[in-house]
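S.K.: Keeping their order, the protein sequence lines are chains A and B. Take the first sequence: its letter number 203 is residue 203 in our numbering, and every next letter is one higher. Take the second sequence: its letter number 279 is residue 1279 in our numbering, and every next letter is one higher.
Think of the hints as simulated: they come from the structure by calculation, not from any bench. Some hints here could point you the wrong way.
What the hints assert, rightly or not - If you only want the chain B side, here are some residues facing chain A, beta carbon under 8 angstroms, derived: (1) A1028; (2) V1031; (3) D1034; (4) E1036; (5) S1038; (6) R1039; (7) L1085; (8) M1089; (9) P1206; (10) S1210; (11) S1212; (12) V1217; (13) P1275; (14) R1278; (15) P1279; (16) R1282.
Claimed, not checked - A few chain B residues facing chain A, derived, Cβ under 8 angstroms: (17) R1010; (18) D1016; (19) A1024; (20) L1044; (21) D1056; (22) A1059; (23) I1066; (24) M1242; (25) R1335; (26) R1336.
Beta carbons are placed, not taken as given, at the ideal position from N, Cα and C, and that holds for glycine.
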Amino acid sequence: MQPEQPVLDSLRKAVEAMPDDVPLRLHLATMLLKAGLRDEAIRQVGAILQREPGNASAMALLQEPAVPRPQEAAPQPEPSPAAGAEYDWSRAESEVGDVLPPMFVGGSSADTSGSGDREAAAFDVERSVLRLADVAGMAEVKHRLEAAFLAPMRNPELRRLYGKSLRGGLLMYGPPGCGKTFIARAVAGELGARFLPVSFADIIDMFVGQSERNIHELFSLARRSAPCVLFLDEVDAIGQKRSQLRNTPMRSAVNQLLLELDDVAASNDGVFLLAATNHPWDVDSALRRPGRFDRVLLVLPPDESAREAVFRYHLRQRPVAGVDLARLASLTEGYSGADIAHICETSAERALMDSVAQGTPRLIGQPDLEAAIGEVRPSLGPWFDTARNVALFANEGGAYDDLAAYLKKRRML
Amino acid sequence: MTELTQGLARARAMLDVSRYDQAASLLANIVAADPEDSRAWCLLARAHAGKGQYEDAAAAANRAVILAPADDWPHRLASNAFLHLGNTMVALRAANEACRLAPHEWRAHICLAQAALATRGQFDTAERAAANARAMAPNEPDVHFVSGQVSLAHGDRKAARAHQERALALDPAHGGALNELGRIKLSRAHTASAARHFLQAARSAPQVSSYSRNIEVVVRRTVALVIYVASVASFVLTYLAMMNRLPRVAVVAGLAGVAVVTAGYGAWQLRRMPPETRPLFRRRHIVQALGVCYGAIGVGVLVAAVTPGAALPGALFAVTIFIIASRFVAYAMLRREAANAGGR
């Protein structure tokens, strides 16, 4: 049976929203193939192979014959050699293997060891090998992290001398896709502590009371794993303003979170609290009180050196040649890290489609990347629109002074 | 509990905390695996609507209507989506169908009230539907919010205010009700009070751009009023001086007096405004518009002071034209900025 258009449209939207969800993309590619949309299916398979070069299911899909579309049911003439299914990828790779020019202009080739790109599974305690030095650029953020969080943690004698308490956690906020999670990992690495990342999806549960139990277990695990950095991603969802949660089971989950935070504050033996959010204005004010998340750090879009590093990272496992990273970084002012990842993906897609059309593989070059920059618009506009409202009208007690100063500097206020 | 039910419950929890992207992705998977489940399509419609993608929301809701034509929920979702798409007749039809299927469901009546309010000639339907919803759910803030909108559309400001205040009593952070109270105050030219309500609305929901735009509307209206009064008073003064040959001193003093009094009125208004709105009065287009208006009055004072007696009536005629033109230029500046703000 061929999938229907609304199903395909829904899947396309979902993939757009979650471009890194490989199983979802694979599912879309399968459905497209069933619907006879072979070209689009190949594009999706290409995107999967960019993320997971050896993905067996994706490779298998490439070999599958397409189901003819109803209007194309008549026998087709012999397919052209560039149609894709017959393309021999391993041969192409071996052909270009020893003729590759240097990847980047004026710099060293990327380290392809892939350290630091591991994803933590839900409730899995991991050991972070990242350090703040691995975070490119963002000097201001690092300085504030050091002063507000790391220095007191690392100097217990001085801390005792000045009577500085270890109560409370640090809330990082800023536009999406700008490296808050990466920084949290680096903080754990700096402290030599274990890292326990948790997102909203790990905690919510459909049974009444189960989300609360999950939160309790999470904090118990953190205490057992001390020293440990407990990182609550999307804390605005886990700890949303209770006034916005009328008649929903999530309200009691927020209460449970407050209870656990107070417990951590009372018996803080090596559990360091970090949280991140794109919408700090949606976080329940009780979570921001002293002893809970009482320190706040604004994480802004990457500066030029950070953007260069992000480009290097996302191109490191792709066949590129003659790429001027400094120029790319200067062309992407105002782009988030996620936008840059999308640019790299778009450029790879261009090169891949070109290779399929020409029947000869070619490398991703500077023109591909610059064309992709023209295509991909910065995604931070809506966030800054809201941030502007907050800085103008909701900056009570100077809670968003950093944000207001940044917006003023960028002439956005 | 089946995998489908679990997935739907997760999606519902995501929607409860406004995680529309995540919910849409999860639901896209669910409807791909089980395209016959109307609840999944309904939740997908909610997710799309939450993201502001009303065409997708309408498509998902229509799909749910086909799968469960006797359920009121898909019809309500379809009505909401079509209302946002500006297709009020379809929205009204869907809302009517929802009410027919679930006559005791207050949400269906609220949906009907909103659709009828947006449709020409359906005011009675809106009023009746709002009254039905109030009778069914007197403690739901949204019921009073929509009732207030209906009353305001009818021109009954007192009832509208009472409904919005009731909505706020039930939910003190109801952004919509705060915004409506601001609109009611603004319609009575209570600008400072309107600004306060819009400000509270913008604080409670900073992501809703219309609330913050309304604050800018208040600022622009205040400045426009100052410019209007200053221009009209100056025009009348120069016209009278020209026709009645008033002495030079009277013209100069009169124009200077108009400038001082209207600027004083503007400063008084500014003092009454919440402090957060004051930076908006320092915006370039506001300063430029005021500069054009008071610049024209200044030119009038100068011309009246230095022009020889015989040429004064002719010069005052030119000043009159100049002041009228300056008012139009200043208004154009304010309007251009309003258009830019609308497009932002």
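S.K.: Evaluate each hint against the coordinates.
M.R.: Now the hints, each set against the structure:
Interface hint status for A1028 (chain B): upheld, as the beta-carbon distance to the closest one in chain A is roughly 3 angstroms, under 8 angstroms. For V1031 (chain B), the interface hint holds, since its Cβ comes within 8 angstroms of a Cβ in chain A; the closest pair sits about 6 angstroms apart. The criterion of a C-beta within 8 angstroms of any C-beta in chain A is not met by D1034 (chain B), whose closest approach is roughly 10 angstroms, and the hint is violated. With 8 angstroms as the threshold, the beta carbon of E1036 (chain B) stays out of range of chain A, its nearest partner Cβ sitting at about 11 angstroms, so the hint is violated.
Here the hint on S1038 (chain B) is broken, as its CB sits about 13 angstroms from the closest CB of chain A, past 8 angstroms. With a least beta-carbon distance of about 13 angstroms to chain A, the hint placing R1039 (chain B) at the interface is violated under the 8 angstroms criterion. The beta carbon of L1085 (chain B) comes no nearer than 16 angstroms to any beta carbon in chain A, farther than 8 angstroms, and the hint placing it at the interface is violated. The interface hint given for M1089 (chain B) is broken, as the beta carbon of that residue sits about 23 angstroms from the closest beta carbon of chain A, more than 8 angstroms.
Below 8 angstroms, beta-carbon pairs count as interface contacts, and P1206 (chain B) has one with chain A at about 4 angstroms; its hint therefore holds. Taking 8 angstroms as the C-beta contact cut-off toward chain A, the hint placing S1210 (chain B) at the interface is violated, the least distance being around 11 angstroms. With a cut of 8 angstroms, the hint placing S1212 (chain B) at the interface with chain A holds, because the nearest CB-to-CB distance is about 4 angstroms. Interface hint status for V1217 (chain B): violated, as the beta-carbon distance to the closest one in chain A is roughly 14 angstroms, over 8 angstroms.
For P1275 (chain B), the interface hint is violated, the least distance from its beta-carbon to any beta-carbon of chain A being 11 angstroms, above 8 angstroms. For R1278 (chain B), the shortest C-beta to C-beta distance to chain A is roughly 11 angstroms, which exceeds 8 angstroms, and the interface hint is violated. Annotation: interface hint on P1279 (chain B) holds; nearest CB of chain A at approximately 7 angstroms, less than 8 angstroms. Hint status for R1282 (chain B) relative to chain A: violated, with the closest Cβ pair at about 11 angstroms, above 8 angstroms.
Annotation: interface hint on R1010 (chain B) holds; nearest CB of chain A at approximately 6 angstroms, less than 8 angstroms. Because the beta carbon of D1016 (chain B) sits about 4 angstroms from the nearest beta carbon in chain A, less than 8 angstroms, this interface hint is met. The interface hint given for A1024 (chain B) holds, since its Cβ lies 6 angstroms from the closest Cβ of chain A, which is under the 8 angstroms cut-off. The criterion of a C-beta within 8 angstroms of any C-beta in chain A is met by L1044 (chain B), whose closest approach is roughly 6 angstroms, and the hint holds.
Hint status for D1056 (chain B) relative to chain A: holds, with the closest Cβ pair at about 6 angstroms, below 8 angstroms. A distance limit of 8 angstroms between C-beta atoms decides the matter here; for A1059 (chain B) the minimum to chain A is near 6 angstroms, and the interface restraint holds. The interface hint given for I1066 (chain B) is broken, as the beta carbon of that residue sits about 10 angstroms from the closest beta carbon of chain A, more than 8 angstroms. Hint status for M1242 (chain B) relative to chain A: violated, with the closest Cβ pair at about 45 angstroms, above 8 angstroms.
At about 21 angstroms, the closest approach between the beta carbon of R1335 (chain B) and any beta carbon in chain A exceeds 8 angstroms, and the interface hint on this residue is violated. Among the interface hints, the one on R1336 (chain B) is violated; its C-beta lies about 18 angstroms from the nearest C-beta in chain A, farther than the 8 angstroms criterion.
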